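Residues 13 to 230 (my numbering) are what the sequence shown spells out, left to right.
Possibly wrong hints are sitting among the right ones.
Using 16 angstroms as the maximum straight-line C-alpha spacing, the simulated EDC-like pairs for lysine to aspartate or glutamate come out as follows [as the list claims (entries may be wrong)]:
| no. | residue 1 | residue 2 |
| --- | --- | --- |
| 1 | K145 | E187 |
| 2 | K90 | E120 |
| 3 | K90 | D136 |
| 4 | K81 | D136 |
| 5 | K81 | E139 |
| 6 | K90 | E139 |
| 7 | K88 | E120 |
| 8 | K145 | E165 |
| 9 | K81 | E92 |
| 10 | K88 | D136 |
| 11 | K90 | E178 |
| 12 | K145 | D110 |
Simulated DEER-style distance windows between Cβ atoms [claimed, not checked]:
| no. | residue 1 | residue 2 | range |
| --- | --- | --- | --- |
| 13 | H100 | L222 | 42 to 50 angstroms |
| 14 | D144 | G193 | 21 to 29 angstroms |
| 15 | R218 | M75 | 36 to 44 angstroms |
| 16 | D194 | A135 | 34 to 42 angstroms |
| 17 | V70 | L207 | 31 to 39 angstroms |
| 18 | R76 | T220 | 38 to 46 angstroms |
| 19 | K81 | T177 | 16 to 24 angstroms |
| 20 | Q212 | E151 | 18 to 26 angstroms |
| 21 | A135 | R68 | 16 to 24 angstroms |
| 22 | V217 | R68 | 41 to 49 angstroms |
| 23 | T177 | H69 | 26 to 34 angstroms |
Keep in mind that the hints were calculated from the coordinates and are not lab data.
Owing to the predicted nature of the structure, the values given are computational and were not obtained by experimental measurement.
Note that the Cβ used here is the ideal one computed from N, Cα and C, for glycine as well.
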Amino acid sequence: MTGVAPVSLFMRMRRVWDRLAVYLPLLLMGVMAMSTYWLVRSTPAMGDAELEAAPRHVPDYFMRDFSVKVFGANGKLKSEVVGVEGRHFPDTDTLEIDQPRIRILGAEGRVTTAVAARGLINADGSEAQLFDKAVVVREASTNVQGVVTPRTELRSNFLHLFANTEQVRSHLPVELVRGAGDRFTSQDGIDFDNLDQVMQLTGRVRGTLLPPKDKDQK
13 MTGVAPVSLF MRMRRVWDRL AVYLPLLLMG VMAMSTYWLV RSTPAMGDAE LEAAPRHVPD
73 YFMRDFSVKV FGANGKLKSE VVGVEGRHFP DTDTLEIDQP RIRILGAEGR VTTAVAARGL
133 INADGSEAQL FDKAVVVREA STNVQGVVTP RTELRSNFLH LFANTEQVRS HLPVELVRGA
193 GDRFTSQDGI DFDNLDQVMQ LTGRVRGTLL PPKDKDQK
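Modelling step: build the complete structure from the supplied sequences, incorporating the hints.
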């Protein structure tokens with residue numbers, strides 16, 4: 013009897029091991045699957061912005077002593093920009109210009125010119141931000157009803173020109189000269205609409221209005 017018990021115990025352990033050996037690969041595959049699932053859940057997902065490098069604000073081409081013209085759908089010239097040097101930035105699709113000179117041909121023959129030490133123009137030329145000694149001039153014009161719009165000149169270290177709507181805005185001190193000598197100054201900027209002939213000056217404002225000249229006066 014003493015020699016049978018160890019053999020019987022050994023056989024039982026052998027049978028248990030054989031059964032475990034059959035299921036061991038399945039158990040290992042299950043553990044690996046759970047580990048992979050945990051790693052996927054724990055790893056932060058990369059968005060499209062992370063997959064692609066963010067565009068840098070660096071110019072992709074340069075121009076010197078150049079002229080850029082914009083034409084309307086009817087083929088007529090809408091505006092022309094002349095500059096000493098230009099730098100195009102693809103991330104914002106803007107053109108930075110040294111010493112820009114801008115000429116805009118508006119409706120009913122209205123002509124607007126602008127100069128500055130530096131300018132930033134958007135892709136279609138509808139907006140121009142002018143920096144340092146900026147001057148925007150709207151020449152006198154007469155509409156189809158015969159109403160005369162006097163010449164207007166704006167001066168500031170920053171002027172934001174909207175070509176299509178004929179608006180000029182600024183948040184810096186600005187000086188406006190209208191007609192023969194009407195003069196206004198504002199310390200906190202201006203919102204000027206040439207089409208509606210509306211001018212909004214903010215902050216401390218000073219103005220000088222000259223009386224209209226008598227046509228019979230010599």
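Is it true that the CA of K81 sits at most 16 angstroms from the CA of E92? Since the Cα atoms of K81 and E92 sit roughly 4 angstroms apart, the hinted pair holds (cutoff 16 angstroms).
Hint check: K90 vs D136, CA-CA at most 16 angstroms. Holds or violated? 11 angstroms, holds
Between the beta carbons of H100 and L222, is the distance compatible with 42 to 50 angstroms? Distance hint for H100, L222 holds at roughly 45 angstroms.
Satisfaction of the hinted span 18 to 26 angstroms by the C-beta atoms belonging to Q212 and E151: 22 angstroms, holds
Look at the Cβ atoms of V70 and L207 and judge whether their distance stays inside 31 to 39 angstroms. Since V70 and L207 have Cβ atoms about 38 angstroms apart, the given range 31 to 39 angstroms holds.
V217 paired with R68, Cβ distance criterion 41 to 49 angstroms: 42 angstroms, holds
Taking 21 to 29 angstroms as the stated bounds, is the beta-carbon spacing between D144 and G193 within them? 26 angstroms, holds
Under the criterion that the straight-line Cα-Cα distance not exceed 16 angstroms, is the pair K90, E120 satisfied? 12 angstroms, holds
Holds or violated: K88 to D136, with C-alpha atoms at most 16 angstroms apart: Roughly 15 angstroms between the alpha carbons, so the hint for K88 and D136 holds.
Could you tell me whether the CB distance from R218 to M75 stays inside 36 to 44 angstroms? Cβ of R218 to Cβ of M75: about 41 angstroms, so the range 36 to 44 angstroms holds.
What's the verdict on K81 and D136, does the C-alpha distance respect the 16 angstroms limit or exceed it? 10 angstroms, holds
When you take the CB atoms of D194 and A135, is the distance between them in 34 to 42 angstroms? With a Cβ separation near 36 angstroms, D194 and A135 satisfy 34 to 42 angstroms, so the hint holds.
Violated hints: none; the structure is consistent with every hint.
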